[in-house]
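Visitor: Chains as they are written, first to last, in our numbering: chain A, 1 to 252; chain B, 1 to 176.
Simulated from the structure, these hints should not be mistaken for lab results.
Owing to the predicted nature of the structure, the values given are computational and were not obtained by experimental measurement.
There could be a bad hint or two in this list.
One-sided and incomplete, this derived list gives chain A residues near chain B with beta-carbon spacing under 7 Å [as the list claims (entries may be wrong)]:
hint, residue
1, E6
2, R66
3, R236
Even for Gly, the Cβ is constructed at its ideal location relative to N, Cα and C.
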Amino acid sequence: MSRSIEQVLEQCLDEVTRTGDIETALRRHPQYAEELGPLLEAAIALRQHYAEVPLPPRRLAAGRARMLVEAVHQDSQDVQTPIHRQSRRLVLAVQVIGVLLLIITTLAVASGGVVSAANESLPSDVLYPVKLSVEEVQLALAPTPGSQVDMALRFAAIRSAEVRSMAQSGLPVPDTTLERLEWYLQYALNRASTAQDQADTLLLLVAKQTDAEMWLLDQAEETTPPWTRFRIQQARQIYHQVYDAALEEIDR
Amino acid sequence: MADENDLLKRAQAYDREALAELYDKYAPLIYAYLYRRVSDVQVAEDLTSDVFVRMLRAIRTEWFWHTSFRAWLYRIAHNLAVDHFRRSGSSKEVRLGEYLSDGLNDPEDVLERKLERERLHAAIARLTPEQQQVLSLRFGERLTAREVAEIMGKSVGAVEALQHRALVALRRILKD
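Please work from the sequences and hints to get the whole structure.
Guide: What follows is the structure in structure tokens.
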């Protein structure tokens with residue numbers, strides 16, 4: 001099988017970084033020697049350049065102390081967990097019921113017009129919070145692990161479409177959109193991996209859906225302006241991590 | 001030294017000893033990576049501290065570190081570097097060598113090395129952020145293509161292609 005120049009370069013880099021001998025590595029691939037020689041020299045220069053890292057001014061001690069203080073703080077917050085968690089659940093339930101009533105009222109008054117319009121909204125639009133509330137209620141009412149996974153993946157795909165749409169238009173994508181995307185995917189992964197006899201089927205669904213979304217994001221990246229491209233890359237990274245995690249869970 | 005899986009489990013429970021051990025192991029790596037990206041010791045140290053606070057807040061809720069804790073830390077560091085560039089409005093900052101010691105006595109050698117370093121640094125700064133990242137991870141952190149692929153959320157083939165494009169571009173810039 002013929003190897004691409006990228007693969008040959010990778011093989012030569014591995015060899016040169018071990019031995020430091022460019023000539024021997026190039027002799028194995030005479031057809032690419034002319035092109036690869038300067039690239040390997042650049043790689044060696046880069047290694048030397050990157051090796052020069054000055055010591056941090058505070059020797060990283062302040063960061064260590066800050067992290068340990070934060071750990072104490074986090075720990076003390078979580079000590080209250082059982083009561084805290086129950087009260088949070090109660091608040092969440094009340095919120096869900098409230099939102100549900102709001103939506104029912106909205107539906108009755110506006111005959112579905114507002115919710116329907118909200119479905120098309122983007123994070124910068126006035127109706128966007130309505131769209132999110134409807135999603136939250138739908139997810140809270142999903143009865144089975146299968147429907148929960150399916151719904152969370154669908155909502156994640158909506159977030160992904162929003163990221164693509166805004167980034168491709170050169171608009172800033174809010175952090176919260178990516179956080180919600182991540183949350184839905186983690187929720188789907190969590191529900192799938194704890195679904196007992198359905199776990200493998202649902203994890204496979206997670207893997208398939210995330211793979212499909214990664215393809216869409218790859219396509220979108222090509223037509224996205226440079227200043228918003230990192231958002232597409234971040235969304236892709238989130239999907240990629242969930243994809244890997246789903247496959248790893250299946251392997252277990 | 002404790003097994004890493006054990007350390008991570010204890011870190012999830014906010015065990016201070018485990019957290020300190022993880023910090024001591026990974027903070028120098030993350031600092032070096034961030035310094036190579038931002039070229040400023042102060043900013044790199046501050047961002048390193050942010051990485052570990054963010055790690056702490058997410059270690060109980062996120063799943064991603066289960067695949068590779070180190071890769072997860074690099075991803076957090078990368079995202080913070082991107083945020084930093086966005087806030088400062090530039091990814092091209094070139095501030096060179098003020099803390100570096102050459103260990104050479106001959107002033108001409110020192111000057112020559114400094115100029116060479118500046119030339120390479122300026123050339124790297126003209127690459128795309130993604131090209132800079134792949135070069136930094138491959139030749140700074142000395143990670144394999146597979147490890148870089150994991151951190152960047154790409155396939156190994158895509159990383160190899162990106163690395164090739166980055167080296168070709170760097171070579172072209174240096175020749176200009």
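Visitor: Each hint needs a verdict: does it hold in this structure or not?
Guide: Hints and how they fare:
1. For A:E6, the interface hint holds, the least distance from its beta-carbon to any beta-carbon of chain B being 4 Å, beneath 7 Å.
2. A least Cβ separation of about 5 Å between A:R66 and chain B falls short of the 7 Å threshold, and the interface hint therefore holds.
3. Of the supplied interface hints, the one on A:R236 holds, with its beta-carbon coming within about 6 Å of a beta-carbon of chain B, less than 7 Å.
The earlier numbered hints are all upheld by this structure, with none contradicted.
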